[in-house]
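Novice: As you go down the protein sequences, you meet chains A and B in turn. So the number in our numbering is just where the residue sits in the first sequence, counting from 1, plus 136. So the number in our numbering is just where the residue sits in the second sequence, counting from 1, plus 201.
Calculated from the structure, these hints are not laboratory results. Cβ atoms here follow ideal geometry from the backbone N, Cα and C, with glycine treated the same way. Be aware that one or more of the hints could be misleading.
What the hints assert, rightly or not - With beta-carbon atoms standing in for the labels, derived distance ranges:
id	chain 1	residue 1	chain 2	residue 2	range
1	A	Thr273	B	Arg615	41 to 49 angstroms
2	A	Glu264	B	Ala453	47 to 55 angstroms
3	B	Arg329	A	Gly221	58 to 66 angstroms
4	A	Ala390	B	Leu538	20 to 28 angstroms
5	B	Ser322	A	Leu269	47 to 55 angstroms
6	B	Ser637	A	Val242	37 to 45 angstroms
7	B	Ala453	A	Phe251	21 to 29 angstroms
8	B	Ala453	A	Ile231	26 to 34 angstroms
9	A	Ser268	B	Ser637	53 to 61 angstroms
10	B	Arg615	A	Thr140	34 to 42 angstroms
11	A	Ile263	B	Leu442	36 to 44 angstroms
12	B	Arg329	A	Leu269	53 to 61 angstroms
What the hints assert, rightly or not - Pulled from the structure, derived: some chain B residues nowhere near chain A, Cβ distances all over 10 angstroms:
id	residue
13	Asn378
14	Ala408
15	Ala453
16	Gly515
17	Arg573
18	His604
19	Pro620
20	Glu633
Stated by the list, open to error - Derived list of chain A stretches under chain B, where covered just means 3 residues or more per stretch with a C-beta under 8 angstroms from a C-beta of chain B:
id	stretch
21	162-175
22	241-254
23	390-399
24	406-415
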Amino acid sequence: MASTLSVALTIIVQAAMISALYALIAIGFTLIFGVGGVLNLAHGATITMGAFSAYYAGQLGLGLPGAVLASVAVPAIFAGLLYLGMVKRLEEEPIMVMITTLVVSVVIEQAIVVFEGTTSRSIPQLIEGQFSLAGATFQNLLGVMFVVSWIIIGLLFLFVNYTKTGKGILAVSMSHKGASLVGIQSSRINLITWIIAGAFAGIAGLFLGSWLTADFAMGQAQLVLSFSIVVVGGIGSIRGSVVGAYLIGFLEIATTNLISSSLQGLAPLVVLVVVLLVKPEGLFGREFAE
Amino acid sequence: MVNDGSSGSAGAANGSKNTGDEYNGNRSKLNRRRFIQAAGVGAAATGFAGCLGGGPGESSEGIPSEVTLGVLAPAPENNPIGAAIANSAELAAEKLNNSSDLLGDADSVSVSIKNTQESPSTGRQRYRELTLDEGANMTTGVFTSEVLLQLMDPISQQQTVHMTSGAASPKASNQVNEEYDKYKYHFRAGPINGYHLGQNMVDFLEAKGNDLGWESVALLVENYEWTNPVQQAIDDHIGDLDVDVVMEERYASGTSNFGPIYDSVEESGADAAFVAMAHTGTPAVVQWARDQRPFEFGGIHVLTQLPAYYSQTGGACRFTVSQNTATPQSELTDKTLQYAQDYNSAYGGFPVYTGYITHDAIMQWATVATERGTVNADEVVSGLEESSYTGTAGSLDYYGKDHEYAHDIKYNFRTDSPPETGVNPVFQQWQESDGSGTQEVLHPEYVSSADYQAPPWV
Numbered sequence: 137m138a139s140t141l142s143v144a145l146t147i148i149v150q151a152a153m154i155s156a157l158y159a160l161i162a163i164g165f166t167l168i169f170g171v172g173g174v175l176n177l178a179h180g181a182t183i184t185m186g187a188f189s190a191y192y193a194g195q196l197g198l199g200l201p202g203a204v205l206a207s208v209a210v211p212a213i214f215a216g217l218l219y220l221g222m223v224k225r226l227e228e229e230p231i232m233v234m235i236t237t238l239v240v241s242v243v244i245e246q247a248i249v250v251f252e253g254t255t256s257r258s259i260p261q262l263i264e265g266q267f268s269l270a271g272a273t274f275q276n277l278l279g280v281m282f283v284v285s286w287i288i289i290g291l292l293f294l295f296v297n298y299t300k301t302g303k304g305i306l307a308v309s310m311s312h313k314g315a316s317l318v319g320i321q322s323s324r325i326n327l328i329t330w331i332i333a334g335a336f337a338g339i340a341g342l343f344l345g346s347w348l349t350a351d352f353a354m355g356q357a358q359l360v361l362s363f364s365i366v367v368v369g370g371i372g373s374i375r376g377s378v379v380g381a382y383l384i385g386f387l388e389i390a391t392t393n394l395i396s397s398s399l400q401g402l403a404p405l406v407v408l409v410v411v412l413l414v415k416p417e418g419l420f421g422r423e424f425a426e
Numbered sequence: 202m203v204n205d206g207s208s209g210s211a212g213a214a215n216g217s218k219n220t221g222d223e224y225n226g227n228r229s230k231l232n233r234r235r236f237i238q239a240a241g242v243g244a245a246a247t248g249f250a251g252c253l254g255g256g257p258g259e260s261s262e263g264i265p266s267e268v269t270l271g272v273l274a275p276a277p278e279n280n281p282i283g284a285a286i287a288n289s290a291e292l293a294a295e296k297l298n299n300s301s302d303l304l305g306d307a308d309s310v311s312v313s314i315k316n317t318q319e320s321p322s323t324g325r326q327r328y329r330e331l332t333l334d335e336g337a338n339m340t341t342g343v344f345t346s347e348v349l350l351q352l353m354d355p356i357s358q359q360q361t362v363h364m365t366s367g368a369a370s371p372k373a374s375n376q377v378n379e380e381y382d383k384y385k386y387h388f389r390a391g392p393i394n395g396y397h398l399g400q401n402m403v404d405f406l407e408a409k410g411n412d413l414g415w416e417s418v419a420l421l422v423e424n425y426e427w428t429n430p431v432q433q434a435i436d437d438h439i440g441d442l443d444v445d446v447v448m449e450e451r452y453a454s455g456t457s458n459f460g461p462i463y464d465s466v467e468e469s470g471a472d473a474a475f476v477a478m479a480h481t482g483t484p485a486v487v488q489w490a491r492d493q494r495p496f497e498f499g500g501i502h503v504l505t506q507l508p509a510y511y512s513q514t515g516g517a518c519r520f521t522v523s524q525n526t527a528t529p530q531s532e533l534t535d536k537t538l539q540y541a542q543d544y545n546s547a548y549g550g551f552p553v554y555t556g557y558i559t560h561d562a563i564m565q566w567a568t569v570a571t572e573r574g575t576v577n578a579d580e581v582v583s584g585l586e587e588s589s590y591t592g593t594a595g596s597l598d599y600y601g602k603d604h605e606y607a608h609d610i611k612y613n614f615r616t617d618s619p620p621e622t623g624v625n626p627v628f629q630q631w632q633e634s635d636g637s638g639t640q641e642v643l644h645p646e647y648v649s650s651a652d653y654q655a656p657p658w659v
């Protein structure tokens with residue numbers, strides 16, 4: 137009985153931490169869709185860019201602050217430029233945005249292959265040490281990741297609901313025309329959204345790379361994961377993305393712990409198919425207002 | 202620049218102006234040969250050969266004035282395994298150009314390097330470019346077994362000697378055995394084939410079992426073609442030892458999160474993870490070290506063979522044990538250290554195993570071609586079958602055509618003295634000395650440099 141409880145506690149703690157990362161990965165993706173109505177297929181590559189920005193900062197001897205700053209700033213600037221340079225011109229054609237961002241994603245991955253090759257790169261450890269909880273031992277990194285994820289989610293909630301710009305984001309997500317009628321520049325709001333999403337992706341890449349190492353294809357699985365999470369939560373809903381991330385995170389950890397470690401990565405896909413068949417609008421439908 | 206592939210390009214390291222998928226290295230022979238060329242003899246011969254079509258089949262009687270070595274390497278610009286192949290081929294060509302004994306009738310020996318991108322279809326295309334467009338007199342390289350197996354038919358069609366220096370799948374040698382006349386042009390200069398790699402892991406456990414103290418192991422094998430025979434050999438032979446295999450997992454090829462797998466290893470109570478990893482090795486070793494998993498780690502981990510790996514992983518590979526062809530510290534033959542030093546002088550870093558093997562393959566081919574006085578593929582095949590060449594990794598001898606591993610380099614397990622025929626891989630451990638990592642050799646005894654150190658957290 138005690139051991140069953142211990143296993144359950146271990147699963148809960150593991151799942152809580154990995155889900156926090158998943159939430160971080162998915163929020164930017166859903167933010168862009170919720171506000172701009174387009175799917176950013178370069179989201180996974182932006183995560184990869186965050187990880188490699190930290191890697192290069194480490195190689196250049198910029199230390200931990202430099203690595204953190206680079207992992208946030210480079211993807212954020214990239215996302216902003218991607219919006220201004222390409223997406224803004226194609227906003228009325230969502231399919232073209234998908235194609236364009238997919239191409240950009242491939243270009244980024246191939247650039248990494250050319251400069252770094254296909255082997256994984258070790259990013260300097262952000263935080264050293266371990267802690268014990270529920271009978272299991274975890275890296276301090278994962279604990280910090282959990283805390284940072286919730287701080288970011290909290291700040292995003294406050295930003296969206298209690299600042300003028302945030303309310304502008306809400307307005308644009310509800311209606312571009314309505315927002316325009318009250319004097320909100322939707323293109324400016326979209327740009328801010330892309331920059332925020334890029335920064336979030338960069339932070340996710342930093343943690344992911346520091347935890348698992350970084351490679352050119354690391355963003356591919358994260359893009360699929362983002363899809364699954366936002367479909368489960370309801371496309372465009374931040375609250376739904378957080379719930380979806382935790383649902384998938386718990387399912388994955390339970391599957392790998394209780395059935396087989398070879399099944400990792402399967403849970404998001406199974407959940408995606410089931411939700412699309414049973415409740416295609418997701419748990420929280422398509423709404424943005426929190 | 203440390204030319205371990207982590208920075209810069211092999212092409213740049215060699216001063217080549219070409220970039221991208223390929224670059225060519227050309228170094229002229231001695232002035233003596235230039236004199237001959239100036240007399241017009243060489244030029245006329247070259248021109249005549251060109252009129253006849255210039256392919257290896259047509260111009261392969263005798264030693265041609267220009268010898269071309271075709272090299273297939275994965276991303277030689279940034280993959281350390283590919284860089285070692287490319288750089289070692291350049292180094293070997295330079296030695297041949299400076300030698301009056303080897304390929305003495307040739308005016309120049311040049312190297313053409315192509316990037317396989319670890320893709321079978323790309324590998325086939327690049328191989329055809331080397332043999333059909335550039336008339337390579339021999340080809341070498343190839344790291345990925347999936348690429349090699351797709352090259353076997355083109356090799357048989359072009360009838361040009363190919364000496365593999367990275368891929369380990371014994372399916373290639375099985376093909377030579379089954380259809381000798383068709384596939385006889387393939388030789389594996391190293392490493393020992395996949396089945397022998399696995400057998401060697403078990404032999405190591407048997408020889409060093411008392412020092413390691415591994416009474417139970419969890420076998421973790423990445424799901425790639427090369428690990429099939431490795432796993433088969435371990436399954437076949439580990440039962441002879443007093444070691445329990447408490448877990449065996451062939452994990453997905455794209456695995457990056459080893460948390461669930463390591464949880465299972467911990468639950469199994471294994472003393473050590475006994476691994477066969479190449480492509481997925483870095484996340485595996487980094488997560489093992491950073492999580493301080495309570496089990497030891499050893500087997501075949503291709504990336505820990507990189508001399509620059511300690512700094513690349515921030516020391517995460519410390520305490521890991523891996524089979525290797527040779528290290529810069531292991532004096533397997535009187536050529537090993539000299540080659541490593543030459544490589545280091547030329548490229549600012551030490552090679553990985555594919556470098557030793559590529560160098561040996563080219564030098565053995567050149568030796569045989571010189572002895573036979575021709576680059577004719579059938580002649581060279583016969584010569585290689587009879588050859589026993591002492592290279593940097595040991596003695597290069599090949600199994601005969603009736604052996605199931607026909608034309609594979611012979612594996613010869615010895616603990617006390619270097620084998621007279623065949624090669625005996627070494628087992629290294631990353632240990633720390635003065636704040637930096639060194640690849641200390643644990644086994645075999647005749648080249649060992651240190652005792653095994655268990656991770657302090659286990």
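Novice: Are Ile263 (chain A) and Leu442 (chain B) spaced within 36 to 44 angstroms by their CB atoms?
Specialist: Given range 36 to 44 angstroms: holds, Cβ gap about 41 angstroms.
Novice: Does 58 to 66 angstroms hold as the CB distance between Arg329 (chain B) and Gly221 (chain A), or does it fail?
Specialist: The hint (58 to 66 angstroms, Cβ to Cβ) is violated, given that Arg329 (chain B) and Gly221 (chain A) are roughly 40 angstroms apart.
Novice: Beyond 10 angstroms from chain A, beta-carbon-wise, is Gly515 (chain B)?
Specialist: violated, 6 angstroms
Novice: Is the Cβ of Glu633 (chain B) farther than 10 angstroms from every Cβ of chain A?
Specialist: Consistent with the label, Glu633 (chain B) stays out of reach of chain A, its closest Cβ about 16 angstroms off (over 10 angstroms).
Novice: Is 53 to 61 angstroms respected by the C-beta to C-beta distance linking Arg329 (chain B) and Leu269 (chain A)?
Specialist: holds, 58 angstroms
Novice: Count residues of the stretch 390-399 of chain A with a Cβ under 8 angstroms from any Cβ of chain B, then say if the count reaches three.
Specialist: That given contact holds, which follows from 4 residues of the stretch 390-399 of chain A lying within Cβ reach (below 8 angstroms) of chain B.
Novice: Taking the closest pair, is the beta carbon of Pro620 (chain B) still more than 10 angstroms from chain A?
Specialist: With a cut-off of 10 angstroms, Pro620 (chain B) remains clear of chain A, as the shortest Cβ separation is near 32 angstroms.
Novice: Kindly confirm whether 20 to 28 angstroms is satisfied by the beta carbon distance between Ala390 (chain A) and Leu538 (chain B).
Specialist: For Leu538 (chain B) against Ala390 (chain A), whose Cβ atoms are near 54 angstroms apart, the range 20 to 28 angstroms is violated.
Novice: Taking 10 angstroms as the cut and beta carbons as the points, is Asn378 (chain B) off the interface with chain A?
Specialist: holds, 32 angstroms
Novice: Taking the CB of Ala453 (chain B) and the CB of Ile231 (chain A), does the distance hold inside 26 to 34 angstroms?
Specialist: Cβ of Ala453 (chain B) to Cβ of Ile231 (chain A): about 32 angstroms, so the range 26 to 34 angstroms holds.
Novice: Does 47 to 55 angstroms hold as the CB distance between Ser322 (chain B) and Leu269 (chain A), or does it fail?
Specialist: Between Ser322 (chain B) and Leu269 (chain A), where Cβ atoms are some 49 angstroms apart, the hint holds.
Novice: Does the Cβ-Cβ separation between Ala453 (chain B) and Phe251 (chain A) fall within 21 to 29 angstroms?
Specialist: This hint holds: roughly 26 angstroms between Cβ atoms.
Going through the hint list in order, the structure does not satisfy hints 2, 3, 4, 9, 10, 15, 16, 21, 24.
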